[in-house]
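K.L.:
Once you have looked at the hints, place chain B on chain A.
Sequences listed follow chains A and B, in order. So the first sequence is numbered by our numbering: it starts at 13 and just counts up by one. So the second sequence is numbered by our numbering: it starts at 377 and just counts up by one.
To be clear, the hints were calculated from the coordinates, so they are not data collected in a lab. Given the structure is predicted, the values throughout are model-derived calculations rather than measurements. Think of the CB as a built atom: it goes at the ideal place given N, C-alpha and C, for glycine as much as any other residue. Every clue listed holds true.
With beta-carbon atoms standing in for the labels, derived distance ranges:
hint	chain 1	residue 1	chain 2	residue 2	range
1	B	D387	A	P140	34 to 44 Å
2	A	G74	B	E419	17 to 27 Å
3	A	S240	B	L428	52 to 62 Å
4	A	L63	B	D387	32 to 42 Å
5	A	L56	B	I434	44 to 54 Å
6	A	P256	B	V382	31 to 41 Å
7	A	H286	B	R407	25 to 35 Å
Spelled out from the first residue to the last, the chains are:
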Amino acid sequence: MFFLATAEPTSHAPLVHPAAPTLFHLGPLPITASMVHSWVILLLLFLVIRLGTARLQMVPSGLQNAIEAAVEGLERLTRGLLEPKVADWCFPLVATYFIFIAVSNLTGLLPGVGTIGFGTVKAGSHLPYSVEHPHISLLRPPTSDANMTSAMAVIYFFVSLYWALKYHHGPWGLLVHIFGVKGGMKGWILIPLAVLFFAVGLMEALSIVIRAIALAMRLYGNVYGGESVLVLMTGMLGGLAAVPFYFFEFAVALIQALIFALLAIVFTGTLCSHEESHK
Amino acid sequence: MGDALVQLGIDWPRFIAQTINFAIVLWVLNRFAYRPVLRLLEERRTRIAESLQNAERIQKELAAAEEARREILHQANERASQLIAEAEQTAKLQGEKLLKEAAEESERILAKTRARAEQEQQESRAVVRREVGELVLALTAKVSGKVLSVDDQERLRAETMAQLPVAARTDLHSASDSQRN
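So here's chain A without its partners, still in its complex pose (with noise of 0.2 Å):
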């Protein structure tokens, strides 16, 4: 027996729109929450960082010691499964990737982000300016905005090309790693695995692009899913009902973060490596 999903158009509206609302246009740009979220965090992130950095120590201590250990733990990551020098080149959006990924998610969860905003006024409530869930929150985890998203795995899509071209020298060295026939093989059985290997390489291109797409929405999906949970949650049992999804949620931000971060670790090792070095 199959079980199938299928998606049917509703007349009820989604608790929280997939798109980040806008809350103002500066000139043709239209500025939205997760805009104003992502400044936040880059404030914060800055803050956090010129205090812990100002004036580094030879013996750490404090806040310089926190910056230092996720500094450290992420760069024998990134060191750890790929090249050295593709390392170098890899660690910094990397570590980009998922101190922003977490802190992103992380912020979502505080109270008050995505539930301070406008919306329609709550009908008998004693609480002054209490609304219904905000249909235009002030604050949305840029992780939950498909724009962010999707600039995020752009950049790395584009990055890793460059550095995919810069590791084999060059375009043509790039498509011999990815159609090449691998194995060393010699004499006439190259003809049917040069057609097998061309083959492969079609969907190695396909997944080389695939990739990035997967990474945007798999991202979105998780935190905007976590997000709805969370509000559908949250009107249940005088909101006691969200309390053990706060907790999911909160291993959801850091998993998520580190399965971003990983999984462009493991795709540019796959484009930037040698057939020996698998061996």
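P.N.:
Same frame as chain A, but now just chain B:
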């Protein structure tokens, strides 16, 4: 596809804005966090490696210094023992030499004293003999009642000398010689 993008709120202005936002975050983190922290970590690794090398070198130097100290102490002990032995030997020789010299000196003093005593004894005897001779002459002159001539005196002296023992005669002669002189 287009509808899906619209549904998700993806459009070029927002996409480009978020790309720029992320790029700024990347630049800030790379400029203010990764570079200084990685540089510090590298410097710390280098320092720790240097410290370990230094500690190892110091340990070796300490062991060498300890070995040298022991060697020097051993040599000093040997030298001290040698010096003590030499000093003892020298003191022994010196003592023997001094004892020998003292014995010789005492012998010499004893011999000199004996000679002096002998001489004094002889001189005393000579004096006694001369006085005896003078007494004999005086007695003879008184008994005979005449003045003795020089020849008589010489003869009497010779006779007295002949009657005296040999030693007394020698003393008398020497006494007479000394008197004459």
